[in-house]
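J.: Read off the chains here:
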Amino acid sequence: MQHLFDIHQWKWIASGWFLLYGISLFTILFCQRMHKKHMRLLAVAMLIILVILMNPILANFMIGHYMNNAKEFSRLGWGMLSTPIIAYVFTQFVMGVDCRKNQYVRLLAVVAMVYLLGSQVQPYFTLSSNPYKLPDEVLEVADAITDHASDEGDPYKQIGVLFPVDIGQGTSDCEQVFFGLRHWDATMILTETSLGQLQSGEQGALPFLLNDHEDVEEIEALGYKRIATTKSCDLYMHE
Amino acid sequence: MHLCRRTQVLSFIEKRPYLTYNQSMLIIIVFFGILPFFMGMLLGTKQSVAETYLKGSLITFGVFSLCYYVVLLILRDTSMVTLGRWYQVTMIPLLILGGIRCFRGRDGYHKRLQDVVELFRRPTIWMCLALVLVLFHVVRVGWFQPFALSDSQTYDALIHDMAQTGVIYGQAPRTGQILFSLSEVDPRYIITSWYVYEAYIARITGLHALIVTETVIPMFILLLSYLALWMLSECFFGGDMDRRWGFLFLCGVLSEAQLVFQDAAAYMLIWPAWGKNLVSSIICPLIAALFLRLVQQERGAVETTFLLALCSFAAANASAASMMAIPVELGALCLVYGIAKRRIGLFVVSGIAIVPIGVQFVLYKLFVSHLLF
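Line order of the protein sequences matches chains A and B.
When we follow the numbering used here, the leftmost residue of the first sequence carries the number 1, and every step to the right adds one.
When we follow the numbering used here, the leftmost residue of the second sequence carries the number 240, and every step to the right adds one.
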C-alpha cells in the first residue's frame, strides 16, 4: 500500500485531480450521446493503463526488482494522457451550448474549479538577471577563479567545497553556486571535502576552496587567502 | 578506448572562437525554423504546416540518434567532432531531397500556408485565448528561470561538459572528474542521445550551453508540445476549430494548475528541455494521435507504422523511462482498438513500432553487463 500511496503522490499529489480524471473517464464511457465510439475506446485504453499503474502486485514486483522507487514506476503513467482527457471533457462541457455567453460562463466555472483544485501556490519561476540564468554570485566566483588560475600546465581548476551539497532540489544559495560553477565551466573540478581532511593532508592542498562564511580562521591557518566574498560563499586561494 | 581518454579530453579544451550574435541567431533560425520543415517534407507534401514541422523535428533528432549509435558503438569514438561530421554528411542529402519535394509540392503547400494566414486574419475568441496562453508559457520559460534546479543539476552539467570539451560523456556531471571509460557513465545516459544532441546544438550555434538549454531549446520544445496537442485535438474534434482551440486553451490551463506536480505538467512548463518531457508531453500524445488517425481513417498503415516506429525511436533516445511508458501505451491502445474493431493489423503495427524500444532494452542490458564498454 505504501508503494501505491507513493505512486499516487508522484502522479497526482492532490486527490482532487485523481477524482477529476476518474470522473472524466466515467463521463466519456457512459454518456453515450456526447462522445463518439472511438473516444470511449480511448477511455477504456486509459483505464487499462490506470489499472496497470495502480496495480499493487505489479508495483511491488517492479519496484522491488527493477526500480529504486515509486517515482520511476509512476512514469509508466505518461501514456495515460490525463491532461488531454480532462481537457476533452471540459471542452465538450463548455461548448455543449450554442449561446456564446453561456459558453463563457461555463468556461469561467471550469477555470475557477481547476484553480481551486490546484490551490498550492509556490514560486516556480524567478526573473533571471543574466542570459545564462545563473545567480550573479556564481559568475563572480567563476571570474575570481579564472583571474587567479595559472595559465601553465593542467587547464583544470581544482576547487575544494567545504559546505554540504545534498542531491535535492538545488535551491539553497550555496548549492546554486556549486552546481552553477559546474554548469558554467567544464574545467572547474569540484571536490567535496572537509576541514579535517584538509588538516590531515589526505587530499593535499587544493588550489581553491569554497566555503559558506564559516571557519575563516581555520582555513587561513591552512595557508589560504580569501580572494572573493559573495552573498553566500567565500572563495579562498592557496598561497 | 579509455587509454588515451585523458589526452583526448585535454586536447579539446581549445578556445573555440565563438560566433557573433547575428551568426548565432541565423543558425538558430535555420536549425529550428527552416530545417524541420524541409525534413518534414520527406514524409509527404499533403500534410498540414504544424504536422510537417513536428514530424520534421522528430526526424532531425532521429537521424542524429542513428549517427550517435554508429559513432559510439561501431566506430568506438567519443568525439563530438566525428559525430557532427557524420550527422552533417547524413543530413545534407536528406535536406536536398526535402527541398526538391518542397519545390515539387509548392502549389499545394502554398495553398496550405494561405489557409494558415487566413486563419489568423479571422481570429475567434477561443483562438486568441489559446494563443495568448501559449505565448505566455513560451515567453515565461524563455525569460524566467526555474526556482529549483532539480535534475537540471545533472543534465546541464553533462551538456555543458560535452559542448565545451567536445567529448561525449567525458566528465562526471557532479564533480567534473574525467571519466576514463564509458562504463563509468550512468547507463541511462549512454543509451539516450538527447543530451548529446543538446550539446551538439550548443556547439553549432556558438552560444554558451546554458543559453541553449535554458532558453532556446525550452521554447522550441514547449512549442512542439502544443503542436502535439493540436494534432491530438484533430482526432478528438475533427474540423471544429472552436473546440480545437478551446481544447488547447484548457490543456494549458490544466497544465498551469498542475504545476504542483513533479510530473508531466511540471516537466512541460518548468523544465521542457529534459528528455523526460520529450516523451511525456510530445511523443505520448503524438502516438495517441497517430493511432487514432489510423483507426479512424483505416488507411495509411505503412506511413503510420513508420511514424510510430520513429516516435518510439525518438522516445527511446530521449529517456530510459520510455522503455516502460511507450510499450504500455501502445499495448493498451492496440489491445482495445484491435479487439473492438476486429483489426489484427493494429497488433502488427504496434509490434513493429515497439521494435526500437526492444533494441534499446537489449543495448541497456549489454551496457549494464559491461559487454559494450
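There could be a bad hint or two in this list.
Some, not all, of what chain B presents toward chain A, calculated at C-beta under 8 Å [to be verified]:
# : residue
1 : 347
2 : 543
3 : 567
4 : 609
Distance ranges between label pairs, derived from CB positions [stated by the list, open to error]:
# : chain 1 : residue 1 : chain 2 : residue 2 : range
5 : A       : 126       : B       : 542       : 43 to 49 Å
6 : B       : 355       : A       : 18        : 34 to 40 Å
7 : A       : 153       : B       : 339       : 49 to 55 Å
What the hints contain is simulated information worked out from the structure, not anything from laboratory work.
Idealized CB from N, CA, C, for every residue including glycine.
J.: All hints are to be evaluated individually against the structure, with a verdict given for each.
T.: Hint check:
no. : hint                      : verdict
1   : 347                       : 28 Å, violated
2   : 543                       : 15 Å, violated
3   : 567                       : 6 Å, holds
4   : 609                       : 19 Å, violated
5   : A:126 / B:542: 43 to 49 Å : 45 Å, holds
6   : B:355 / A:18: 34 to 40 Å  : 39 Å, holds
7   : A:153 / B:339: 49 to 55 Å : 54 Å, holds
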